[in-house]
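**Student:** Once you have looked at the hints, place chain U on chain G.
Residue numbers (this note's numbering), protein chains in the order written: chain G, 1 to 326; chain U, 1001 to 1287.
Calculated from the structure, these hints are not laboratory results.
A few of these clues could be false.
[Said to hold, decoys possible] Covered stretches of chain G (in silico footprint by chain U; criterion: 3 or more residues with CB under 8 Å from a CB of chain U, positions within the stretch not fixed):
#1 38-49
#2 205-219
#3 251-258
Owing to the predicted nature of the structure, the values given are computational and were not obtained by experimental measurement.
For each residue, glycine too, the CB sits at the ideal point set by N, CA and C.
Next come the chains, spelled out residue by residue.
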Amino acid sequence: MAELESPAPARRVLITGVTNPLARQLAEELLLDGAVEFVAGVDTVEEPYYFRDLDRSRFLYKRANIYKSRELGNLFLSEDFRAARINTVVHASFAPPLTGLQVPIATPLSTNVQGTKQLLERCIESPDIRRFIFLSSFLVYQVRPGSGTYLDETADLNFDADAERPIQDRVDADMLCRTWFESDKLDIAVLRPAPIIGRNIDGPLNLYLDAPFCPVPMGFDPIVNPIHARDVVRALQLLVHRDVKGVFNVAGKEMAPLSFFIRMAGATRVPIPASTVRPSARLLRFIRASRFDHTFGGCLLRYPCLLDTRKARELLGFEPNFHIKF
Amino acid sequence: MTGLSLEKGWWRVVSDRTFDWTASDVLKSRIGRLDLPDEGLGYDRFGLESSSARLSLDLYHWLYVRYFRTQSFGIEHLPQRGPYILAPNHTGPFPLEALMIMVDVLLHGSPPRLVRPLVNRSLSALPYVNIVLSRTGCVWASRSNMDGLLNSGQPIMLFPEGPRALAKRLARRHRTMSFNPAVVELAIKHQVPIVPVGVVGLSNARGLLPYEGPDVPQPASVDDEILRLGLSNIVPVPTRVRIQYGAPFLFHDDSSVQDHTPTLVRSMTDRLQSEVQRLIDDLLAQD
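Chain G extracted, bound-state conformation (with noise of 0.2 Å):
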C-alpha cells in the first residue's frame, strides 16, 4: 500500500510593511486562498480602514516598527501573535521607501539591514517560523555599459562604493539572507522583481513613467522589460506556497525601449544631454511635478537591465499574467 504523503501544513504568514500596495494586495489575497489559515500583518502606522473589515479569526494586525529591536523582541512576545502561531514570514517592508517626496534626509538608512537581520534572528529561534521571504529589487544588480542583457540570479550585484545608499541597504539585506541559504531551520527565498508598475507602487520606473515630463539621456533608449504589481503578487503568492529556497528572478509579459513605455504612458519624452538628467529629475521632483528621484532608477534610463526569469519558470512556475497598462 502506497503511503499517503503527509498534506503540506497549512500556512500562516506574517506581513512586514503591511500597508504599503504590494503587500496589501498579497495580504488580501491570501486572505482569499484556502490553503492560508492565518495572516497576520506589522506596520509603523495605526490600523488602516480597509483592513478593519477583515475576518478577525484570519487576520491580525500589529502596530510595530521591526527595525527598533525592544518593538520586535515585543511583537514575537506578545499574546496574540504567538497565539497565531506564524510559520511563514513574508518580509516587504524595507523602510523609508525607495522614491517618493517624503524621504527624510537624515534617515540612518543602515537601519534597513540591521533590522533584516534581527528579523531573520528573530525567525530563526522562533519554534513555529520554517520560512521566509524577501523582496528584494532588481537595483541590487550592477549595471553599467554592456552589462549582461540576461541578468540571471547569479550576476554581479552592485558592490560599487560609490553606489547610493539605500541600494547599498538593498544589497547588504540580500546578501544578508543568502547567508542564511545552507540553514536547515528556515527556507529562504529571495524575490528580485523587475521595475514594478501598479496603482499607487512607488518603483522608480511606476514613478518616473506617472509625470508628465520624462528627460532621458540623449542618445539611449534601453529596452526594459516591466512587470505588473499583481503578477508580483502572485509570485511571493507561490514562493509563500511551494517549499523552494534560493533568489528567483520575475518580470513582466511585455519587452520595449523605454520610449515605448513613455509613449504609453501619455508622457512627453524629453531627451537632454546625459550629464543634465539628474539635475532635471531633481527640479521636477522640487516642482512636485514628479516623485522619481534619479538615484534609484537612474540606471533605467541609459542601460538595459533585464532579468533572466528561467529559474523562476522552471522550479517555481511562475509566468506573468497580465500586461501593463497605464
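**Tutor:** Using the frame of chain G, we list chain U on its own:
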C-alpha cells in the same frame, strides 16, 4: 487582450516603407522566411527591432552585392538548425566582415538565418551608436549575453582575435593575431559547433586608429601610411570581398572535451586559428 498595442512609431512606418521600396524581391523573400526573435512588441531582449533590422539588412545587401561584390565558399558547412558560433578574422579597422557574413548567411544559408554579431560592450556607452547597433541585431559581448543567445538557439558571430585586431597594420592584414580561448570554452560549455571563417578584401580601409597590438611590428612612420592611403582611411574602397567557411569544429561526442583542461582548450584554440589562417591563405591563393 493586451494592455499595450503594437503602435507604430514614425520610425517603423518610415523604415517599413523604405524597405518595401528599395529591397529586392530575393531579399524580401529570404527575410520573410526568417524567424526574427520578438518578445511580443516587435523587440527582442537584446534590442533587435524587426523594422530596423530589415532596413539595415537591405543596406548591407546593397554593400554585399554592389559595392563589395562579395563571393562566398563553403556555406554548406553551416549547421542547418540549432545554435553555432562563427569565428571569422578581422581584416581592418571597420568590422564590415560581420555585415558581409550576416548577409551571406541570410542569402545563401539553408534555411536563411540571422547571425547575431557580438560587439565590444564599450560601444554601449556611446549615444545613438548603442541604439543603432542593438536595433539592427548586434549584441554586447558579455558572457551572459552569449549564454542567453546560444540557449535560445540563435547563431552568433564572435571574433576570436578581439578588438585589438581592428588595428592590424596593412602589411599584416592577412595574418591572424592570437585567438582568445574563450570562444572554445563557450562552445564546449554549450556543446555547439564552431565554424571557422576566413575573410579577405576589406583591409584597404585603414581608419585612423593609433592603437598597435603588442605582437605587431611598428612601421617606420605611421604618417607615411596614412598619407599613402588617403581617403581610404575613412571610406572603405570597393574591393571584392571573399568569404570561406571551413568544416565545423564539433564537441558533441568528443568525450575528451568533456574534461577539458586549459592545455586542451589552448591547443584547440590554436587549431581553430590555424584553420582560419588556412582558409585565408586558400582565398589569397585564388588570386
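**Student:** Decide, hint by hint, whether the structure agrees.
**Tutor:** For each hint, the structure was consulted:
1. 38-49: violated (count 0)
2. 205-219: holds (count 3)
3. 251-258: holds (count 5)
Hint violations for this structure: number 1 only, all remaining hints satisfied.
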